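Colleague: Read top to bottom, the protein sequences are chains A and B. With this note's numbering applied, the first sequence corresponds to residues 374 to 665, in that order. With this note's numbering applied, the second sequence corresponds to residues 374 to 665, in that order.
Just so you know, these hints were derived from the structure itself, not from any lab. Here the structure is a predicted model, which is why all the values come from computation and not from measurement. Where hints are given, some of them may not hold.
The list treats identical chains as interchangeable, and a pair is accepted whether it falls inside one copy or across any two copies.
Once the Cα atoms are required to be at most 25 Å apart in a straight line, the calculated DMTMM-like pairs of lysine to aspartate or glutamate come out as [unchecked claim]:
id : residue 1 : residue 2
1  : 393       : 577
2  : 375       : 640
3  : 517       : 433
4  : 517       : 595
5  : 375       : 407
What follows is each chain in one-letter form.
Number of protein chains: 2
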Amino acid sequence: MKLALIGVGLIGGSAALAWKRAGVVDAVVGFDADAVACAAAGERGAIDRAATSLADAVRDADLVLLAVPVGAMASVLAQVAGALPAHAIVTDVGSTKRSVIHAAHAALNAHSSFSFRRFVPGHPIAGGERPGVTHADAELFRGKLFVSTPVAETHADALAQVEALWRAVGANVQRMDADEHDRIFAAISHLPHLLAFALVAQIEAEPDGARKLGFAGAGFRDFTRIAASSPVMWRDIALANRDALAAELRGYRGMLERLQQAMDSNDAAALEDVFARAAQARRAQQRGFDGD
Amino acid sequence: MKLALIGVGLIGGSAALAWKRAGVVDAVVGFDADAVACAAAGERGAIDRAATSLADAVRDADLVLLAVPVGAMASVLAQVAGALPAHAIVTDVGSTKRSVIHAAHAALNAHSSFSFRRFVPGHPIAGGERPGVTHADAELFRGKLFVSTPVAETHADALAQVEALWRAVGANVQRMDADEHDRIFAAISHLPHLLAFALVAQIEAEPDGARKLGFAGAGFRDFTRIAASSPVMWRDIALANRDALAAELRGYRGMLERLQQAMDSNDAAALEDVFARAAQARRAQQRGFDGD
Chain A
374 MKLALIGVGL
384 IGGSAALAWK
394 RAGVVDAVVG
404 FDADAVACAA
414 AGERGAIDRA
424 ATSLADAVRD
434 ADLVLLAVPV
444 GAMASVLAQV
454 AGALPAHAIV
464 TDVGSTKRSV
474 IHAAHAALNA
484 HSSFSFRRFV
494 PGHPIAGGER
504 PGVTHADAEL
514 FRGKLFVSTP
524 VAETHADALA
534 QVEALWRAVG
544 ANVQRMDADE
554 HDRIFAAISH
564 LPHLLAFALV
574 AQIEAEPDGA
584 RKLGFAGAGF
594 RDFTRIAASS
604 PVMWRDIALA
614 NRDALAAELR
624 GYRGMLERLQ
634 QAMDSNDAAA
644 LEDVFARAAQ
654 ARRAQQRGFD
664 GD
Chain B
374 MKLALIGVGL
384 IGGSAALAWK
394 RAGVVDAVVG
404 FDADAVACAA
414 AGERGAIDRA
424 ATSLADAVRD
434 ADLVLLAVPV
444 GAMASVLAQV
454 AGALPAHAIV
464 TDVGSTKRSV
474 IHAAHAALNA
484 HSSFSFRRFV
494 PGHPIAGGER
504 PGVTHADAEL
514 FRGKLFVSTP
524 VAETHADALA
534 QVEALWRAVG
544 ANVQRMDADE
554 HDRIFAAISH
564 LPHLLAFALV
574 AQIEAEPDGA
584 RKLGFAGAGF
594 RDFTRIAASS
604 PVMWRDIALA
614 NRDALAAELR
624 GYRGMLERLQ
634 QAMDSNDAAA
644 LEDVFARAAQ
654 ARRAQQRGFD
664 GD
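Please model the entire structure based on the sequences and the hints provided.
Modeller: Below is the structure:
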């Protein structure tokens, strides 16, 4: 199977390495707007040839993996739509699904040569703070989750093939509705990133911010680790999943208002109630992690 | 030197073990409202004798270490004040300093036999999610920070002796004003705990909260690790450091309001500005950690 890899970052590069190792992909043509990343992907063995354009990359592909930031999906889909072979399957790794499905629907319906039914929306739940193909790892997806979010039109065979590819590299596959995916990841991934960015930005902007940050210990370090993530990638995710994330953020701000009121009125019981419910849920979750 | 250890949890137990190993403490009398903890402290070798009362614990002490939750400091100080030997030094490990200083001032000034000048407010910056004397560790403070927050009245010799005790077990000593201490730790410790508790409580309370939490990955795990901390201890800290924490929380809520407005108005530049300032500061901090 010939893979066209669009975007040769950590996820795309790891997928190419993993699929090659598993023997499900024979040849990889890569495209990235960043020529340095393309060269690194070649050296890393993730791609066999760097394409000169998006159309060149997908022309002979059996499988097209869109592994660009979600903010770039619409533009990339519009540019490749006219060049996609009719038999190919197109899939993606975007962290938000409704926005990518919308972009694919718009781009592919404008080009009768390729059916939107052959687009399989997906999200491998893996990553790390160290981005780029130089950190790519063929084992990145082993034991991790791959979420597919097919729509009513999605071709059952294309969906099954994409899910089989992720299973072949050790991922556990789960299928869900794109709306639910976006709500879930707004709560457990996008909102925590936003909150961590906000905390570091808030402290950094204080007159004694640098001094404060100098006293941070292990708790702060863990809490804010995700604030070292790519600002551009997370700006795009925040906007691509705006509806679900805005709703989560509004709910969270309501919770903070309650806690502020509890402090202002010295309401120890209200504080303890919230803290205790959180600690109980988090400890139960930890037992799940430990039991992994 | 005879140590009276009031509160035989992780921090108090570790301090007793560390000071014994360093040879600066010969005998430890312990008191804890929890008889099971007292027995465990004896088995662990952290205390040599369990006192029958607070007064019994401090009667012959050269050094008294108050290692109880900050919410219990005022009550403990009031109960021991009348029994403290005049030559002793009293110090504490509370995570908030203004509240403990206030409690010590009130309790000790009411008893002429012991001078408030011999109370040295302190805060060793160490801990862990695993509480209790069974996790006590004589090496807990090595390479960690100990912050002393003397007031104008604090006796210079008593201060120097307490700081020397922490240095003897490997801690780096830093002296600062109690107001500044409380502002710094409100920002980098107390607020992150409150935010992590709030996030888990918020998600847990949603109709599909358990399902959402089931999808959490490494980022969420790190972000919310501190939400497994003791609800009672953090309720007390939140109230004991209410002024500084409420101010930090208000500032943070302002930051979240800005981010919500940026999302509502699709303002990518505003989001990226906040995220980029945070990522830059957090990455610089990481280089500091890695250089430790």
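Colleague: Hint by hint, say whether it matches the structure.
Modeller: Each hint, compared with the structure:
For the identical chains of this complex, residue 393 and residue 577 are neighbours neither inside a copy (44 Å) nor across copies (41 Å), given an alpha-carbon limit of 25 Å. Within a single copy, residue 375 and residue 640 get their C-alpha atoms no closer than 63 Å, and across copies no closer than 39 Å, so neither meets the 25 Å cut-off. In the homo-oligomer, the alpha carbons of residue 517 and residue 433 never lie at most 25 Å apart, since the shortest distance is 30 Å inside one protomer and 59 Å across protomers. When the C-alpha separation of residue 517 and residue 595 is checked against a cutoff of 25 Å, the pair qualifies both within a copy, at 21 Å, and between copies, at 17 Å.
With identical chains, the CA atoms of residue 375 and residue 407 are at most 25 Å apart within one copy only, with a shortest distance of 22 Å there and 67 Å across copies.
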